[in-house]
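**Q** The lines below spell out each chain.
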Amino acid sequence: MATADPISDLPRPSARTGYALMALLPPLAQDQLESILSRLTGMVAPEELLVASQNGVSAEAYSPLTVVDAPATRISFTQTAADYVNAAELARKYDARAILMLGPDAGSLSSTALHNLVAAVLDGSTDLALPFYDLPPNAGLINSAILYPVTRALFATRARFPLAIDMGLSRRMADRMAAAGQRFTGIGQDDAILWPIPEAVVADCSLAEFEVGSRALPQPPDPDIRTLLGLVTGSLFSDVEAKAAYWQRPRRLPPARVSLPAATRYTDGSSDVGSMVEGFRLAFNNLQEIWSLVLPPHTLLGLKRLSATEPASFRMPENLWARIVYDCLIAYRLRTINRGHLLGALIPLYLAWVAGHINITNSGGDPERHVEAVAAAFDADKPYLVSRWRWPDRFNP
Amino acid sequence: MPASPLVSVRLLQSRLAEVNPPVYPDNASVLHHMSDALHNSFYRVLSLLIAVLPGILAFFVAVLIFTALGMGISAVLRRALGWVRFDERIARNVAAWAPSSSPTELFARASFWGCVLMGLVIGVSAFDASYDAETNVPVRLLPYVTHAIAALIVLLVGTVVARFLARSVLISAVNAQLQYARFLSLGVKWLVLVLTAAMVLDHLEIGGTVVELAFGILFGGIVLTLSLAVGLGSRDLVTRSLERGVERAGDRPAVPHVPSGTGSSESLRHF
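Line by line, the protein sequences give chains A and B.
Okay, so the first sequence: first residue is 1 according to the numbering used here, each after it adds one.
Okay, so the second sequence: first residue is 1 according to the numbering used here, each after it adds one.
Please note that a few of the clues may not be correct.
[Said to hold, decoys possible] Computed cross-link-like contacts, EDC-like style, restricted to lysine to aspartate or glutamate with a CA-CA straight-line distance of at most 16 Å:
#1 A:Lys243 / B:Glu88
#2 A:Lys382 / A:Glu241
#3 A:Lys93 / A:Glu60
#4 A:Lys304 / A:Glu278
#5 A:Lys304 / A:Glu289
#6 A:Lys243 / B:Asp87
[As the list claims (entries may be wrong)] Computed Cβ-Cβ distance ranges for the label pairs, DEER-style:
#7 A:Tyr246 / B:Leu232: 56 to 62 Å
#8 A:Arg249 / B:Glu105: 26 to 32 Å
#9 A:Arg92 / B:Arg89: 24 to 30 Å
#10 B:Leu232 / A:Asp222: 28 to 34 Å
#11 A:Ser292 / B:Ser172: 17 to 23 Å
#12 B:Ala110 / A:Arg369: 41 to 47 Å
#13 A:Leu300 / B:Ile149: 39 to 45 Å
#14 A:Ala380 / B:Ile149: 52 to 58 Å
#15 B:Val61 / A:Pro296: 54 to 60 Å
#16 A:Glu310 / B:His147: 55 to 61 Å
[Said to hold, decoys possible] If you want a taste of the chain B side facing chain A, the calculated C-beta under 7 Å gives, among others:
#17 Arg167
#18 Ala181
#19 Leu268
#20 Arg269
Calculated from the structure, these hints are not laboratory results.
Glycine included, every Cβ here is placed at the ideal spot set by N, Cα and C.
Required output: the full structure, derived from the provided sequences and hints.
**A** Given below as structure tokens:
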């Protein structure tokens, strides 16, 4: 006998259990925003997708897609501490199980790129999905010279772009990044740079990298190398110092990825090389007193030999560059000299490395192979860093 | 009948004694006078020393006590701050700690030297209170000691600032690829040192107006020399440096990066 539902006049409880994916978008041009939204809705059902945008879009503009306002941040060339905090808070508020964070000019990312990043975090197999950008050899030089080799050697990961502006995160990873970001947002430093790879590795989160092809990379507000190197490298050195208890243990490096074909050869670089070599020689003549406080004698001897090299054949040996970066990292930790002065004195050495990298590229060498050789040198010299870190008094230049 | 020879001699002796009184009693009084003078002056010096010595002793005792107290406080502070992980908390709250020493070390050193300074102040006060104002102790010595200590502090701070500024200017000028970087750095260093020296001499009240005039002339001369050297003597270098800076600014793309594959010549993209 059929019976009527005695409580049919009460509203049925909603079956919603949050969203599968939350996409946190920066301020984008209208066409880029629509392009991204249309591609995302092709990958995730609209009822499972939440879009948090800084464009100030009305909630009904893209119905049935759920669009909410994200707090405005000063995102430029990298995700900031405020971005990570906002992502975690919004994910917690709307119960999103995975987060996709995109940077400015994300419209230039291919659909495959978005799909790779989204799929990795949606199925729960990865806590941190990072992109592998296809950049020309004259781009991302700080990343090739310092960020990638240091991160790979110390945290045993082959993620090529430790400071990627696009990424997929699980809730767990987002909470971890938010906790790290709150230390900076709590004192008003919303634009502080955070390092997802060390946070993921220390928290034992899974990490994966996906090829995303080319991308229009946004530039820093002040692209001057004198500001940029100090900002990015100083932030990395601080993070390495904070996680010293972790990276001193030996760890196995994952297998190498299959390299992409070499990008277009860099042309017309001779004038850049000439000016960088001249700048290095000027620095060698004037900054010896400061370098001698940080670098050991055999490194200074290597630099002396390098200063006598002609621009056409100028190339900094990989192990010399690895030692220079490690010695600067030690000096940063020990505060041997003022940190601002230390990072300023590193600039001519970095430009000398860049000059060698351009020469290799111009002579037909594979720039990616050169970067991998540099990273291998950093791996090989890690015991040197560990011993100097633990016993700094044993050697004092 | 004539006197006997013996009587004559005795008579002669008595007459000589009247004319030449005996020397032995006068030498003793001169020596006695000299001895008295020496004793008096020695006594005055000793009195002066006795008047001042307690003050000096009080000064050193105060300094020693406060130095020991400072060492104890700094050791306790170092342990306590290490226990609460003060350095890590500061590193979290202040993203870039620029000084060359850790926060714990700076606090410990500051507390130690603060105690030493307090000991000096109290010691000087004790010295001031210990001697009698009616004595001839030079009263101008006390404030002069204070000025001398201040002059020493000014000298130390000035030297540190000169080194820091010289190094900052040197690094910035080298990174700007200025050929006269070392010259600029030395100029800045000596400017600050000359200023410091003038302030120190002023504190020590040495030279007075002469020092002020000399400093003004020297400082102005150095600034004028630097201006002439940079503006006229290095005109070509400055022009080339400025042109290079303008070229670099012009080469830098104002729009975001064009994806690879175009094969076009592009400037360096450090990030």
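**Q** A separate judgement is required for each hint: does it hold in the structure or not?
**A** Outcome of the hint check:
About 11 Å separates the Cα atoms of Lys243 (chain A) and Glu88 (chain B), which keeps this hinted pair within 16 Å; it holds. A distance of roughly 15 Å separates the Cα atoms of Lys382 (chain A) and Glu241 (chain A); the hinted pair therefore holds under the 16 Å criterion. Straight-line distance between C-alpha atoms of Lys93 (chain A) and Glu60 (chain A) comes to about 19 Å, which puts the hinted pair past the 16 Å bound. Taken as a hint, the Lys304 (chain A) and Glu278 (chain A) pair is honoured in the structure, with Cα atoms around 13 Å apart against an allowance of 16 Å.
Using a Cα cut-off of 16 Å, the hinted pair Lys304 (chain A) and Glu289 (chain A) holds, with the two alpha carbons roughly 13 Å apart. For the suggested pair Lys243 (chain A) and Asp87 (chain B), the alpha carbons sit about 14 Å apart, so the restraint of at most 16 Å is met. About 58 Å separates the C-beta atoms of Tyr246 (chain A) and Leu232 (chain B), a value consistent with the hinted range of 56 to 62 Å. For Arg249 (chain A) and Glu105 (chain B), the Cβ-Cβ distance of about 28 Å falls inside the hinted range of 26 to 32 Å, so the restraint holds.
The given range of 24 to 30 Å is respected by Arg92 (chain A) and Arg89 (chain B), whose C-beta atoms sit roughly 26 Å from each other. Restraint check, Leu232 (chain B) to Asp222 (chain A): a C-beta distance of roughly 32 Å satisfies the suggested window 28 to 34 Å. In this structure the supplied range 17 to 23 Å holds for Ser292 (chain A) paired with Ser172 (chain B), their Cβ-Cβ distance being about 19 Å. Separation of Ala110 (chain B) from Arg369 (chain A) is about 53 Å and departs from the stated range, judged on CB atoms against 41 to 47 Å.
Separation of Leu300 (chain A) from Ile149 (chain B) is about 41 Å and conforms to the stated range, judged on CB atoms against 39 to 45 Å. Distance hint check for Ala380 (chain A) and Ile149 (chain B): the Cβ-Cβ separation is about 55 Å, which falls inside the suggested range of 52 to 58 Å. The beta-carbon spacing between Val61 (chain B) and Pro296 (chain A), approximately 48 Å, falls outside the hinted interval of 54 to 60 Å. Checked against the hint of 55 to 61 Å, the C-beta distance between Glu310 (chain A) and His147 (chain B) comes to roughly 60 Å, which is consistent with it.
Checking Arg167 (chain B) against chain A: minimum C-beta separation of about 6 Å stays under 7 Å; hint holds. A hinted interface residue such as Ala181 (chain B) counts as satisfied when its beta carbon comes closer than 7 Å to some beta carbon of chain A; here the least separation is about 5 Å, so the hint holds. The closest approach between the C-beta of Leu268 (chain B) and any C-beta of chain A is roughly 5 Å, which is under the 7 Å cut-off, so the hint is satisfied. Because the beta carbon of Arg269 (chain B) sits about 4 Å from the nearest beta carbon in chain A, less than 7 Å, this interface hint is met.
Consistency with the previously given hints fails for numbers 3, 12, 15, ordered from lowest to highest.
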